[in-house]
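A.B. asks: These protein sequence lines are chains S and X, in that order.
Taking this note's numbering, I'd label the letters of the first sequence as residues 1 to 196.
Taking this note's numbering, I'd label the letters of the second sequence as residues 197 to 415.
Since the hints were made in silico from the structure, they are not lab data.
Treat the hints with care, since some could be wrong.
Restraint ranges, calculated between C-beta atoms of paired labels, are given here [said to hold, decoys possible]: (1) 67/S with 399/X: 55 to 65 Å; (2) 70/S with 274/X: 18 to 28 Å; (3) 367/X with 70/S: 41 to 51 Å.
C-beta: ideal position from N, C-alpha, C; glycine also.
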Amino acid sequence: MNADSVTFIFLNAAIVNNFVLAMFLGICPFLGVSAKRDTALSMGLAVIFVMLVSSICAYGINWLLKLFEIEYLRLICYIAVIASAVQLVEMTMKKFSPALFRALGIFLPLITTNCAILGVALFQTSREYNFLQSLAFSLGAGVGFTIALMLMAGLRQHLELAKVPNVSQGAALTLMLAGLLSLAFMGFAGLGAQHG
Amino acid sequence: MPGRPEQHEPVTLDTFLRGLWEENPVFVMLLGMCPVLAVTNSAINALAMGLASTFVLVASNSLVSLLRHYIPKQVRIATYIIIIATFVTMVDYAIQAISLDLYNALGAFIQLIVVNCMILGRAEAYASKQPLGATVVNGLGIGAGFTLALLSLGVVREVLGSGSLFGVSLFGENFQPWVVMILPPGGFFVLGTWLLIFAAFRLRKQRRTELGEVAQHER
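Construct the entire structure; sequences and hints are all you get.
C.D. replies: Here's what the structure looks like:
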């Protein structure tokens, strides 16, 4: 498979170099919102949407910045765009699904500081993807994030019924589980070229 | 915030030490985890990342603290982010100029300091309410705590994963490195282990105070 093909980029971002488990992006929501499967799914969907919007915007902004040769403003522009996209999602969600809005709580505005989203924008710039490739990349990253979040939520829901030692309750156990998941995802590494 | 007097804390040694232990951003508050896991595969990367984050934290929080009376409440988060992004851009170019190797090793994670929730969290919870002096001291404390946490991961992972420390080989030729430690899962495992150790300490302390028999349990 050609390394530049859209399918390859999608699979690479979603599974082989999974954003959460292999690249350590978006760990905060991964640990924070993965207690229940349905909140995890809606968080994942919100992230996919914000990622797509910000990826498209980032592509446009990068083109503009290059035109005027002011690339040093890239970071500031990207983060401003992401913050506005998150605000948009928040308003939409508040209007159409108040229950979901309450369930996500503080983590919705925190998507702004989700490094996975800024990461997508920065990586697609540094790897010089064209528009279609950027789309595939951001979609793949979002799907990968959702997969990781869902897997973790499933595991944690089962763990609620298990007896674990007092010491390991909470974050420590979650991190150990994440380590095992990450180990499992390393099995996919042979599928594609590592880059980045 | 006009009309409401600010409650200033006195600046003591505790303002600094709190960030190091009681409110350690990584081990206690679980903030800013992404760089903690991603760049700690060697001690030198961990140190550089810690110092860069500390600089951004102190500089941006000082500015936030100085401007705290002029930033409108509605747009404060956006303002903080822009201030942070400015300093991160500076650090990004500075590291690129100082050491290209380090820049390549840290990759996009220098720019991702922008979205480190620890820094934004401090700006919102502390710098926007406190005067400059307290903010700087507290920022230095939190930054030192963050660097300490990064180092404690980086050292363990480098020693086990490549058998060296700060690039100096420790065990000689025959050492078989635990490669998994410098790979992504190792980061999760080492941080999980540290958290386990701290949780064990906390539980023991809790039990002791509950029993009220501190003297008996001393070894």
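A.B. asks: Tell me if the beta carbons of residue 70/S and residue 274/X are separated by a distance inside 18 to 28 Å.
C.D. replies: holds, 20 Å
A.B. asks: In this structure, is the beta-carbon distance linking residue 367/X and residue 70/S contained in 41 to 51 Å?
C.D. replies: holds, 50 Å
A.B. asks: Mind checking the hinted window 55 to 65 Å against the Cβ distance between residue 67/S and residue 399/X?
C.D. replies: holds, 59 Å
Hint check: no violations occur; every hint is consistent with the structure.
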